[in-house]
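Q: One-letter residues, chain by chain:
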Amino acid sequence: MTDPAAGRPPRAALRDTALPADAPAPAESGAPSAQAGTAALLRTEALTRHFKIGSALSRKHTLHAVDDFSLTIGEHEIVALAGESGSGKSTVARLLAKLYKPTSGEIYFQGRPLSAIRGRRAVLRYRGDVPMVFQDPFASFNPVFRVSHGIMRCLKLHRPELSAQQRREEAERVFTAVGLTPAAEVLERFPHELSGGQRQRVGFAQALALRPKLILADEPVSMLDVSIRIGLLNLMADLRDTQGVSILYITHDIASARYVADRLIVMYAGHIAETGPTEEVLSRPRHPYTQLLLSAVPDPRAPLGVGAETDRGEPPKVIDPTPGCRFRWRCPLAIDECHQVTPPLRELLPEHSAACHVARADAETQAFR
Amino acid sequence: MSSAPTEGFQRSGPAGRTGNVLEVRDLSVEYIMERGTVLAVDEVSFDLAPGEFIGIVGESGCGKSTLLFAIAQLLTPPAAITGGSVTFLGRNMVGLTDRELAAVRWKDLSVVMQSAMNALNPVKSIGSQFDDAMRAHGVTSKVQIAERSAEVLRMVGIDPIHLKSYPHQLSGGMRQRSMIAMAMLFTPDLVIMDEPTSALDVVAQRSLMVQIKELQEELGFAIIFVTHDMSLVSHFSDRLMVMYGGVVAEFGATRRVFDTPLHPYSVGLLEAFPSIRGPRVPLTGIPGSPPNLASIPPGCRFAPRCPKVMARCEVEPPPLYEVDGTLVRCFLHAGEERGND
Amino acid sequence: MATLQTPPGASEAGAGAGAAPGGTAPAAAGLPLAGGGSIGGARSLRRMGRAITANRKATVGTALLVLFIFVALFPGLIAHDDPQAQIYPRGLTPNAQHWLGTTSFGQDLFAQVIYGTRPVLLIAFGVGLLATVVAMLIGVAAAYLGGGWDGTLNVITDVLLVIPLFPLLIIIGSYLHGAGTAVMIAVIAATGWSYTARQLRAQALSLRNRDFLNAAKVRGERRLYVICVEIIPTMTSLLVAAFLTNALYAVLFSSSLQFIGLGDPNVTSWGTMLYWAENNEAFQTGLPLWIIVPGLCIVTLGAAFALLNYAFDEIGNPALRPVRSMRARTTRLAAVNTPVARRRPRVKRTD
Chain D
1 MTDPAAGRPP RAALRDTALP ADAPAPAESG APSAQAGTAA LLRTEALTRH
51 FKIGSALSRK HTLHAVDDFS LTIGEHEIVA LAGESGSGKS TVARLLAKLY
101 KPTSGEIYFQ GRPLSAIRGR RAVLRYRGDV PMVFQDPFAS FNPVFRVSHG
151 IMRCLKLHRP ELSAQQRREE AERVFTAVGL TPAAEVLERF PHELSGGQRQ
201 RVGFAQALAL RPKLILADEP VSMLDVSIRI GLLNLMADLR DTQGVSILYI
251 THDIASARYV ADRLIVMYAG HIAETGPTEE VLSRPRHPYT QLLLSAVPDP
301 RAPLGVGAET DRGEPPKVID PTPGCRFRWR CPLAIDECHQ VTPPLRELLP
351 EHSAACHVAR ADAETQAFR
Chain Z
1 MSSAPTEGFQ RSGPAGRTGN VLEVRDLSVE YIMERGTVLA VDEVSFDLAP
51 GEFIGIVGES GCGKSTLLFA IAQLLTPPAA ITGGSVTFLG RNMVGLTDRE
101 LAAVRWKDLS VVMQSAMNAL NPVKSIGSQF DDAMRAHGVT SKVQIAERSA
151 EVLRMVGIDP IHLKSYPHQL SGGMRQRSMI AMAMLFTPDL VIMDEPTSAL
201 DVVAQRSLMV QIKELQEELG FAIIFVTHDM SLVSHFSDRL MVMYGGVVAE
251 FGATRRVFDT PLHPYSVGLL EAFPSIRGPR VPLTGIPGSP PNLASIPPGC
301 RFAPRCPKVM ARCEVEPPPL YEVDGTLVRC FLHAGEERGN D
Chain S
1 MATLQTPPGA SEAGAGAGAA PGGTAPAAAG LPLAGGGSIG GARSLRRMGR
51 AITANRKATV GTALLVLFIF VALFPGLIAH DDPQAQIYPR GLTPNAQHWL
101 GTTSFGQDLF AQVIYGTRPV LLIAFGVGLL ATVVAMLIGV AAAYLGGGWD
151 GTLNVITDVL LVIPLFPLLI IIGSYLHGAG TAVMIAVIAA TGWSYTARQL
201 RAQALSLRNR DFLNAAKVRG ERRLYVICVE IIPTMTSLLV AAFLTNALYA
251 VLFSSSLQFI GLGDPNVTSW GTMLYWAENN EAFQTGLPLW IIVPGLCIVT
301 LGAAFALLNY AFDEIGNPAL RPVRSMRART TRLAAVNTPV ARRRPRVKRT
351 D
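Protein chains in written order, with the working numbering: chain D, 1 to 369; chain Z, 1 to 341; chain S, 1 to 351.
With the rest of the complex left out, here is chain D (with noise of 0.2 Å):
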């Protein structure tokens, strides 16, 4: 079972390579969205997403998870959801798989609604465009079967068209593109006989045998070594270049996603802090908390900037929230309107769009260096 990185020259894994980290921001920044030409494939319009919590009695407390969330996500994209924990990431992903129903808003497909999804057949063709790739490489696979249950339930509910001896025949070839060789040796092992990089590549084919418009991949490599991370960040951008599809990455790793994603969405508490093309967000970022993020992240290779006051904070859980912008508390920049007014997502140069009310289009307001 080999690793396609092995001995095969670096393949181009990013789009604009080699881009200097003080570069103006590039005229022509990956913005696929445009590029592709299309509609977008898939879009969101103030999707949210509220819990009920308290005591069993009485559960007057409501736990706002996601709150008026819009995204969009184009054809062969790869699209970065980065927030840390609590900030809604995953409860995004599974609105969209359909694992929840939202609470307001909606979610058009091909420019179809969800809500207008119903029965067997049109639930099932659209779990067939969208599916999704779980995080936890031990806990995703039912450990009774062989490593070939998984992927030949979803060939038989979506592909009915094929016979059994087609069926094997697709499956073999999912997982050779995979880079999971000999595949006819691999389909027969079980699921604890394989190392977590391998498993999660069994959920990547198991989602690429569906012949899918959209993966939700879902924190895919956080729980894997370092040293294999990449070869599946690199198996992602193959499947947008080789496979025309578009994915969805779910990660709190800021560092994978500027690897492997064409836009970047920053996450907080819920709500959407700042968004816009990858390179463009990172080299310039106009929210404070993701400025503060990037610099929390470690970087061997860059000096350690302790700042004055070394933030440590978590994101809140918002719980029956007032009105005002979810980062104020811990934001040195606040000034009196962010305690009042929700901050709306307001684009600030092309493409590139922050919910804050103190961020500027050109002036650089650091907030955390």
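Please note: incorrect hints may appear among the correct ones.
Straight-line Cα separation of at most 27 Å, BS3-like style, residue types lysine-lysine; simulated pairs [stated by the list, open to error]:
(1) D:K317 with D:K156
(2) S:K57 with D:K101
(3) D:K213 with D:K156
(4) S:K217 with D:K213
(5) D:K98 with D:K60
(6) D:K52 with D:K98
(7) D:K98 with S:K217
(8) Z:K164 with D:K317
Hint data in this document are derived by calculation from the structure and do not stem from the laboratory.
Got chain D; can you put chains Z and S on it based on the hints?
A: Here is chains Z and S on its own, set in the frame of chain D:
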């Protein structure tokens, strides 16, 4: 933050001829099972000076956690130390009974576990767990206990009012800090940390690392910090040990290892971290997977995955060579001095 | 490639699954052994066979059970007398023709014991299966469906748990006085499923949010499919344990009911033997074996089920295995404080 620990909680300085806090020599740990034995740690040796910060990095299965537990004498069957010595403050800890170890534990040596939620008792408040720890080591005065508990919490930046809180009421970062506070109770000479930040988010991680470093500079204890994330310790550790397949692959000053890694595995590991700043380049990671410790191949354990493998590497296992103060286990540097093995 | 790549306890995850080394194997994290049959096939049967011979409790329990099953299947091969025939001299002590003597009615005791095995085993296995199936359906459905279903099923389960079972059985039994074995199986199963239903529900609840169930849902599987194909096979070892528990409970309760006279008097079984022996004052009339032997048989069969229950626990969860022998070995080795001889050949019997 207080500048001097409360009366009675000062550190007893390092004893022993060499003045080192810890000397590990040829430590080996095996997992003894019905099917055979698995060698998890193979003859690891290093010294730790007072106040030094050593980072041990490696991926899963490299033996770093096992090594840590062996040093702290916390191994449970089927794992056991099958060779070598662990000399702490001049005394060999291997083979000591629980009672003898209890005198040392927490007073001179304390451990911070990976997940505070697993290590803290969920049905007891933080304060009562501190109370337990202190009573177990002979401190009986309620006043002293209360004072010291408040003091250590303040040291890690937590309001002492949280002594009454239960672990589930605190955030992840605060839980880890209270674990560290608990480890500070008797101002030990050595604190062993097993991936204390891996359950935290990046901002909390960063602030916890800064806090640990500040505490170390103020109180002067030595730290062994085990992690799978090299970049985390890059700014904090004095020396860095890279482990692979149960042996030491490279060991030297942190900056040296980062700037000029000598072992092909260290090179590969460093390059497997995509960078936030600097140019975006395609990376390849390290092909293959870690070795199966139940059946170790002859020769260098990294040979199957090494981009610079030579014929010699597959036949005989390389010893440690010393290159400018850095120890590296690789035939590429044969011809240098043999380091202590 | 395949096999276990890291020592038990050192997990593969890069971040965060930190198990203490030297502790439990990954399989112990709640996941039971995969069942045999079509899923694992011959390989897992062989593995189970090896597991049974390796564990002392399992070996003894299996041996006893196999012995009893053999006796139940082929009583005629062992005892040559008709157990009901009252043709022999009454009240004989053990001799060459009658190994255990005869009863007050002139029946051969040995034949009675042998022929009495089958009804007991029928009840044990019958109740075991029936009660387990009911418990499984109710427990797993309650856990997976949640909400109102869970609430209702829980109430029913709890009510049955609270009612003292033996008095309930006596009441029911006295109405169905003299009814056959099948009825007894039904009655005992109907009253006894609640205990194991609770256990199965608890385990199903812990499985409910496992990612592999979400993965099944996301790929479009129906709920019934998920319950039957995804959840239940992962609960095999708990189902086996439930079966053994229910079988044990059935043996004891059915024998008790028969002892107080609520069984079918025409059937020869250990319980009815005890009934007749008690009525004829066996101890006082010098026929102690009439009481002792069937009593011993009941106890031994019960012990077989109990031993197997413990054994399956240990096989499924290595953390429960006895560590005494392990600890002795490891402290002996650790006391030898010299560096291990380098590269000495280790004899490894790998799987």
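Q: Holds or violated: are the alpha carbons of K57 (chain S) and K101 (chain D) at most 27 Å from each other?
A: This hinted pair is violated, its Cα atoms lying about 51 Å apart.
Q: Assess, step by step, whether the Cα of K317 (chain D) is no farther than 27 Å from the Cα of K156 (chain D), and give holds or violated.
A: Not OK: K317 (chain D) and K156 (chain D) at ~41 Å, beyond 27 Å, violated.
Q: Taking only the CA atoms, is the gap from K52 (chain D) to K98 (chain D) under or equal to 27 Å?
A: Measuring from Cα to Cα gives roughly 19 Å; hence the hint holds.
Q: Is it true that the CA of K98 (chain D) sits at most 27 Å from the CA of K60 (chain D)?
A: Given that 27 Å is the threshold and the Cα spacing comes to 25 Å, the pair holds.
Q: Has the given pair, K217 (chain S) with K213 (chain D), been kept, meaning a C-alpha gap of at most 27 Å?
A: Since the Cα atoms of K217 (chain S) and K213 (chain D) sit roughly 19 Å apart, the hinted pair holds (cutoff 27 Å).
Q: Please verify whether K213 (chain D) and K156 (chain D) have alpha carbons no more than 27 Å apart.
A: holds (19 Å)
Q: Is the Cα-Cα distance between K98 (chain D) and K217 (chain S) 27 Å or less?
A: holds (10 Å)
Q: Given the hint that K164 (chain Z) pairs with K317 (chain D), does the C-alpha gap stay at or below 27 Å?
A: Holds, at about 21 Å.
When each numbered hint is compared with the structure, violations occur for hints 1, 2.
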